[in-house]
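> Each chain is listed here by its residues.
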Amino acid sequence: MLTLFQALILRPLLTAMIALRALRRNKLRSALTALGIIIGVASVVAMVAVGNGAQARIESQVSALGQNLLMVFAGNRKSGGVNSGGGSASALTLADAAALAREIPDIVAASPETTTTVQAIANGRNWSTTVAGESQDYLKIRDWKLAGGSMFTEREIRSSAKVAVIGSKTAHELFGPLDPVGQTVRLKNIPFVIIGKLASKGAGMGGQDQDDRIIVPFTTAMKRLTGEKYIRLISLQVASADRMAVAQQQIVSLLRQRHRTPPEHDNDFSILNQKEIADTVGSISGIITMMLGSIAGMSLVVGGIGIMNIMLVSVTERTREIGIRVAIGAQGTDIMLQFLIESITLSLLGGLLGVLLGVGISKGIAMFADFVPIVSTGSIILAFSVSFAIGVFFGFYPARKAAALDPIDALRYE
Amino acid sequence: MSAIPDKSDQPVIRLDGVAKVYKTGDVEVHAVRHVSMDVRQGEFVAIMGSSGSGKSTLMNIIGCLDKPTGGRFLLDGVNVADLSRRQLATLRNRKLGFVFQSFNLLARTTALENVELPMFYSKPLISLGNQRRRAKEALEKVGLANRLGNRPSQLSGGQQQRVAIARALVNQPELLLADEPTGNLDTRTSIEIMGFFQELNDSGITIVMVTHELDIASYCKRIVVMRDGEVISDTENQNRRLAASERATLDHAEKEAKLA
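Protein sequences appear in the order of chains A and B.
Read in numbering that gives the first Met the number 0, the first sequence has 2 at position 3, and its numbers run on one by one without any break.
Read in numbering that gives the first Met the number 0, the second sequence has 69 at position 70, and its numbers run on one by one without any break.
No lab work stands behind these hints, which were simulated from the structure alone.
Positions of the beta carbon are idealized from the N, C-alpha and C atoms, including for glycine.
Keep in mind that the hints are not guaranteed to be accurate.
What the hints assert, rightly or not - Partial list, derived from the structure: chain B residues whose beta carbon lies under 7 Å from chain A:
id: 1; residue: L64
id: 2; residue: R85
id: 3; residue: N92
id: 4; residue: L105
id: 5; residue: R107
id: 6; residue: L124
id: 7; residue: D233
Build out the structure end to end from the sequences listed, making use of the hints.
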């Protein structure tokens, strides 16, 4: 028992002491060697944090689109061989929107949308903005809050009321610091009473400013502003995320049926599934994170090669020392362990400092970038254990070389 | 293993037709050809010879750093050829002490740490406190009690060799092997080192020393001369020099010279 304890615990401890002394004697060299690992580990930690942060940011933008959102866009209509492009078709009608809401049980809310750009005039100022005709459920579908006032009701839709909900940016441009609720805005010379103000939502997925808009009942928009009887898109909310695929299928078959699309023809509409976007974006940003991480991982390997290089130099340089130790009674395993512990100490030390540096870099990036890098415990543990493995892997060859030296040659070495 | 009474009649070293052949390419070099001799407890043997005589190779074999290609070498009754690399290392650590021409101390390591070195590899392990204590004692014995913290570069050649002797003795070996121990030292320091060896030998330690200088060999009790890998003479040293008295004479002479 005692000898086992000695062999497994005490002897490695003594050897570690020798190894640490050797590292202390070459402070600058040890520090430079560890620097390779420090940089490698720091870049892994920081790059993965940047990737995770960017991913979280993109995902939050996607989820800001709304809850379990499906968007049905009007597709292109071919008439006599002339393809007028997407959105030109005007194949979607209010009846389609009503049918979808009525006949597909998983759909809990629907909002037909028609948009136009008008010059809004109010408070002695004017501002070109997007006016969107929507249903009373639009804010719920888009998970959008009001900063003041209220949303128009179903009754106001039925009566084509001249009421409007104003985006925060538009409100700022027209009214400055004044409260827009209760004020009047003229759209195409028609006065609308502003009954609500939207909370700020920031830039959308395409980069457009979602806060620069005015929302009015779709009935009012179609009658008074656009004069069209077709709608551009229908926003739909599905009861739960796992019903979205089913709902999408049902929408396709219902709309094909309503539009009497022959089986050999393509859909005359297209569907944008928020979950699919989220999944796609998620997988893309996951790939980017992985790429960043693996590029950083390369530098870790380079750092490991640096350790191997220095250890090989160290073995050659200390050939004489190895000869002395062996002559005096050191076993091959003692010599091997000594050099292995040196390389592991270098890489672990580098790993520790690298993690600290990586966290610091992430914090620094957070100060300049418009997203916050997320340092994950997983990446710290991974980088740390990889740096340990590198110490073992790249230290093994030099250590074995040292242990295999012939003591007579080693003693004679100049 | 071997009982104490056996020890007196069992030689520390028994060389029985030992030979060593090196092969470099197609050329065979017979470094040592058929050497047979015994070294008993308490002997002080000088192995002499010009370079290429095979004395260093023989020393490496005796030091268990090299294995003979022919014949048998028994160290303390154990056939070294039967031992593994591992066992040889343990044997060197326990039974042998080495003193080299170029001292072979670890640079940038204090005298004390250098002397502790063999105890690092001892089995069973020696506690760090005991290592320190024994290393201090060994350095005191060679008169370097006030140089414990000095590095080799801060010591004179004679002092370095004394640190090396302390290191060789710290594990209480049965056999002290010295390879040209005075080769890098001046006359006065050489006498001093040989004085140490004579003292150690008087206290019972067996010493085998390789040298090519006759005046150094003449401090030993027995002189073995080698040429072309063979022993050509093996005689008792009749006119043994005594380092202690020579030092006294030398001191006296130097004083006179200064007076003059």
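> Against the structure, test the hints numbered earlier, and report the numbers of the ones violated in rising order.
Failing hint: just 7.
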